[in-house]
Amino acid sequence: MASLSLNGRAALLSVVLLLVGLLIWEAAIPAQKAVGELTEYERLTGGGAPKAGVPAPSQVFAKAWEELSNPFYDAGPNDKGIGIQIGYSIYRVLSGYFLAAIVAIPLGFLIGMSQVAFKALNPFIQVLRPISPLAWMPLALFIIQDSEASAIFVIFICSIWPMLINTAFGVAGVRGDWVNVARTHELGHLRTALTVILPAAAPTIVTGMRISIGIAWLVIVAAEMLVGGTGIGYYVWNEWNNLDLTSVVFSILMIGIVGMLLDAAFGTLQRAVAYVE
Amino acid sequence: MTVKSLGNPFSAKTDLRHGADCSCHSCSGNGADADTSADISTSDEMLERAVESAIVRSVFGQSDIGRRSFMGMMGGSTIAAALASVFPMDQAKAAILDNLGPPEKTDLNIGFVPITCATPIIMAQPLGFYEKYGLNAQVIKTAGWAVARDKSLSGEYDASHMLTPMPLAMTLGAGSVAEPYIMPAVENINGQAIVLGNQHMDKRDPTQWKGFTFGVPFEYSMHNFLLRYYVAEFGLDPDVDIQIRVVPPPEMVANLRAGNLDGYLSPDPFNQRAVYEGIGFIHILTKEIWEGHPCCAFAAPLSFATELPNTYGALLKSIIDATQYASNPDNRKEISAAIAPTNYLNQPVTVIEQVLTGTYADGLGEVKQVPDRIDFDPFPWHSMGVWILTQMKRWGYIENHIDYKAVAEQVYLAADCRKVMTELGYDAPDVSYKSHMIMGKSFDPETPEAYVDSFAIKKG
Numbered sequence: 001m002a003s004l005s006l007n008g009r010a011a012l013l014s015v016v017l018l019l020v021g022l023l024i025w026e027a028a029i030p031a032q033k034a035v036g037e038l039t040e041y042e043r044l045t046g047g048g049a050p051k052a053g054v055p056a057p058s059q060v061f062a063k064a065w066e067e068l069s070n071p072f073y074d075a076g077p078n079d080k081g082i083g084i085q086i087g088y089s090i091y092r093v094l095s096g097y098f099l100a101a102i103v104a105i106p107l108g109f110l111i112g113m114s115q116v117a118f119k120a121l122n123p124f125i126q127v128l129r130p131i132s133p134l135a136w137m138p139l140a141l142f143i144i145q146d147s148e149a150s151a152i153f154v155i156f157i158c159s160i161w162p163m164l165i166n167t168a169f170g171v172a173g174v175r176g177d178w179v180n181v182a183r184t185h186e187l188g189h190l191r192t193a194l195t196v197i198l199p200a201a202a203p204t205i206v207t208g209m210r211i212s213i214g215i216a217w218l219v220i221v222a223a224e225m226l227v228g229g230t231g232i233g234y235y236v237w238n239e240w241n242n243l244d245l246t247s248v249v250f251s252i253l254m255i256g257i258v259g260m261l262l263d264a265a266f267g268t269l270q271r272a273v274a275y276v277e
Numbered sequence: 001m002t003v004k005s006l007g008n009p010f011s012a013k014t015d016l017r018h019g020a021d022c023s024c025h026s027c028s029g030n031g032a033d034a035d036t037s038a039d040i041s042t043s044d045e046m047l048e049r050a051v052e053s054a055i056v057r058s059v060f061g062q063s064d065i066g067r068r069s070f071m072g073m074m075g076g077s078t079i080a081a082a083l084a085s086v087f088p089m090d091q092a093k094a095a096i097l098d099n100l101g102p103p104e105k106t107d108l109n110i111g112f113v114p115i116t117c118a119t120p121i122i123m124a125q126p127l128g129f130y131e132k133y134g135l136n137a138q139v140i141k142t143a144g145w146a147v148a149r150d151k152s153l154s155g156e157y158d159a160s161h162m163l164t165p166m167p168l169a170m171t172l173g174a175g176s177v178a179e180p181y182i183m184p185a186v187e188n189i190n191g192q193a194i195v196l197g198n199q200h201m202d203k204r205d206p207t208q209w210k211g212f213t214f215g216v217p218f219e220y221s222m223h224n225f226l227l228r229y230y231v232a233e234f235g236l237d238p239d240v241d242i243q244i245r246v247v248p249p250p251e252m253v254a255n256l257r258a259g260n261l262d263g264y265l266s267p268d269p270f271n272q273r274a275v276y277e278g279i280g281f282i283h284i285l286t287k288e289i290w291e292g293h294p295c296c297a298f299a300a301p302l303s304f305a306t307e308l309p310n311t312y313g314a315l316l317k318s319i320i321d322a323t324q325y326a327s328n329p330d331n332r333k334e335i336s337a338a339i340a341p342t343n344y345l346n347q348p349v350t351v352i353e354q355v356l357t358g359t360y361a362d363g364l365g366e367v368k369q370v371p372d373r374i375d376f377d378p379f380p381w382h383s384m385g386v387w388i389l390t391q392m393k394r395w396g397y398i399e400n401h402i403d404y405k406a407v408a409e410q411v412y413l414a415a416d417c418r419k420v421m422t423e424l425g426y427d428a429p430d431v432s433y434k435s436h437m438i439m440g441k442s443f444d445p446e447t448p449e450a451y452v453d454s455f456a457i458k459k460g
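From first to last, the protein sequence lines stand for chains Z and P. Residues in the first sequence are numbered from 1 upward in steps of one, following UniProt numbering. Residues in the second sequence are numbered from 1 upward in steps of one, following UniProt numbering.
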């Protein structure tokens with residue numbers, strides 16, 4: 001054991017935990033009993049066919065293999081491969097998210113640099129921020145009259161607050177000395193903002209962006225379950241419709257993995273902009 | 001598909017005066033009319049036959065006896081050839097087949113909620129009914145009726161599967177903004193059931209249901225009105241003695257298993273699915289409450305019909321044609337297989353088949369045979385609309401005074417349906433009002449207000 005690094009030991013422990021977890025899970029699911037001749041009543045009540053229930057991990061893996069070996073099939077508007085569904089969800093998340101960034105970061109700068117702006121806008125932010133993104137959905141559907149744009153709007157409205165607040169916080173927290181130095185060098189407001197404040201506040205801003213993308217991914221699944229059509233949320237809803245828990249468990253895992261990858265991407269960005277004083 | 005009203009006009013044996021309800025000797029199928037109607041299998045052929053009949057009838061005036069003796073003397077095919085030489089029969093047929101002109105818009109989106117009530121709307125795609133009338137329609141699965149309503153209001157759907165009370169409610173502005181809606185066709189009649197959880201097998205008497213929680217799929221639904229009607233007949237006030245919750249159909253089975261619901265009145269396949277999963281049993285079918293009650297509908301905003309009349313006509317034809325096809329029990333197995341896949345209902349075929357064929361396990365250990373457990377009939381009776389409005393009034397969904405018949409006639413387009421049914425060679429009722437018998441109590445559409453007042457249990 002001593003020869004292994006810390007990371008190596010942690011990885012080994014993770015794998016052991018995973019295997020033990022899977023074994024317990026597999027053992028806890030009763031196997032389907034083999035059935036003999038069925039009466040008509042038994043046949044009609046699904047005798048012999050698998051009942052809706054929590055699947056064993058082996059079934060989930062089989063399902064995952066089946067879905068992932070052909071992720072981009074398109075069999076009409078209501079039956080698309082998991083790859084296409086996730087693609088739709090990511091497209092919606094990123095569209096809403098970047099729209100939010102375009103609004104939130106400049107606005108956050110303004111609020112962070114001006115006490116008056118902060119005090120004036122703060123009441124609005126405090127009221128709007130705790131509203132559940134899904135509560136906006138009926139209003140969005142009604143006003144925007146387009147379910148695609150409404151989903152993007154919901155992502156926009158939920159992504160905006162962490163970025164706005166973190167940007168404002170980061171900008172306001174830039175050390176006064178640095179801004180004063182910029183002033184003595186007679187830098188204009190715009191140059192001060194871009195060359196001094198932005199790099200200094202960047203780690204806080206990216207933290208806000210990282211929180212936002214996590215929330216956006218949480219919300220899109222719920223929004224798609226509500227509106228239907230396409231996306232991973234719709235996929236879950238559609239399989240739930242059929243009480244197919246194997247597919248539901250599989251899609252839960254996929255949601256988790258995609259969410260992790262999105263978070264990891266922003267984690268990398270965060271490290272890139274970090275600095276040591 | 002037998003269409004007795006469309007006898008071969010070139011045969012001396014058919015009697016063109018007699019309709020489908022005729023029980024006279026020449027119509028009752030004594031073997032003599034082998035060449036009259038058995039060879040009609042598609043609606044195009046039917047339409048052609050209707051045109052031929054009209055032309056032959058016009059040649060012979062109203063004298064069917066004269067026509068028959070003439071045909072018998074000369075032979076039908078000779079006459080057909082002779083007539084064709086002087087009369088442009090083919091052009092006449094084509095003109096009537098295309099009397100609408102080409103659809104203004106062929107790419108359509110039609111919303112549906114994945115339940116068996118939507119069968120005609122769904123199956124029209126895999127079985128090619130939209131295509132047949134020159135439409136490229138996509139049927140889009142929708143998570144619930146509120147979303148179907150909003151997507152329909154926003155124009156994302158050109159037309160949509162709805163519940164029969166919805167276009168009435170939407171036109172009145174109950175539960176949504178007021179927007180004139182039309183419902184030219186009913187989808188299904190019957191087809192619902194009251195399901196109870198297995199723990200209530202000993203509580204078959206509704207008077208024992210005090211304190212129960214029931215699920216219905218939507219506020220403005222036949223499900224809600226039928227459940228309220230049913231329990232009220234047993235002396236329970238649905239607003240006080242039981243709790244009625246709106247639960248989306250897919251969640252019903254899971255909620256029943258979790259004990260969150262004691263029962264539900266919901267669309268299939270979720271009634272049969274509860275039995276299939278061993279969670280609940282079918283207490284009664286709603287056809288036992290009201291035989292032939294309407295349930296789901298084909299609806300569109302009024303603007304769709306006025307702005308795109310040809311598209312609307314072609315779409316209505318495909319829907320009515322599909323509905324008639326679905327009403328034939330012989331086609332039900334084929335339809336079950338066509339609508340069960342992921343793209344449509346996403347359910348086991350066994351479950352769908354039990355619903356559509358009416359040979360089903362009831363969850364109490366018996367296999368029942370009820371062929372009309374669900375049936376399909378497009379005609380939107382105005383009297384059904386009036387009944388729905390009386391129940392909306394009874395339970396406080398509408399408070400102001402309304403003109404029942406005017407609203408029903410504005411929304412339920414019986415005339416459009418009748419026109420298309422006749423064009424396609426089906427028999428349509430001549431009237432749009434009739435009295436209905438609901439749990440032994442007769443409903444007269446002429447006196448809706450008195451009907452509302454006649455109930456002991458109602459709101460306000």
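No wet-lab data here; the hints were simulated from the structure. A virtual CB, placed ideally from N, CA and C, is assigned to each residue, including glycine. Heads up, a few of these hints could be off.
Reference listing, derived: stretches of chain P covered by chain Z, where coverage requires no fewer than 3 residues with Cβ under 8 Å from a Cβ of chain Z [as the list claims (entries may be wrong)]: (1) 154-162; (2) 203-212; (3) 267-277.
Covered stretches of chain P (in silico footprint by chain Z; criterion: 3 or more residues with CB under 8 Å from a CB of chain Z, positions within the stretch not fixed) [to be verified]: (4) 226-238; (5) 364-375; (6) 385-398.
Each hint tested on the structure:
no.	hint	result
1	154-162	holds (count 3)
2	203-212	violated (count 0)
3	267-277	holds (count 4)
4	226-238	violated (count 0)
5	364-375	holds (count 3)
6	385-398	violated (count 0)
The earlier numbered hints that this structure contradicts are 2, 4 and 6.
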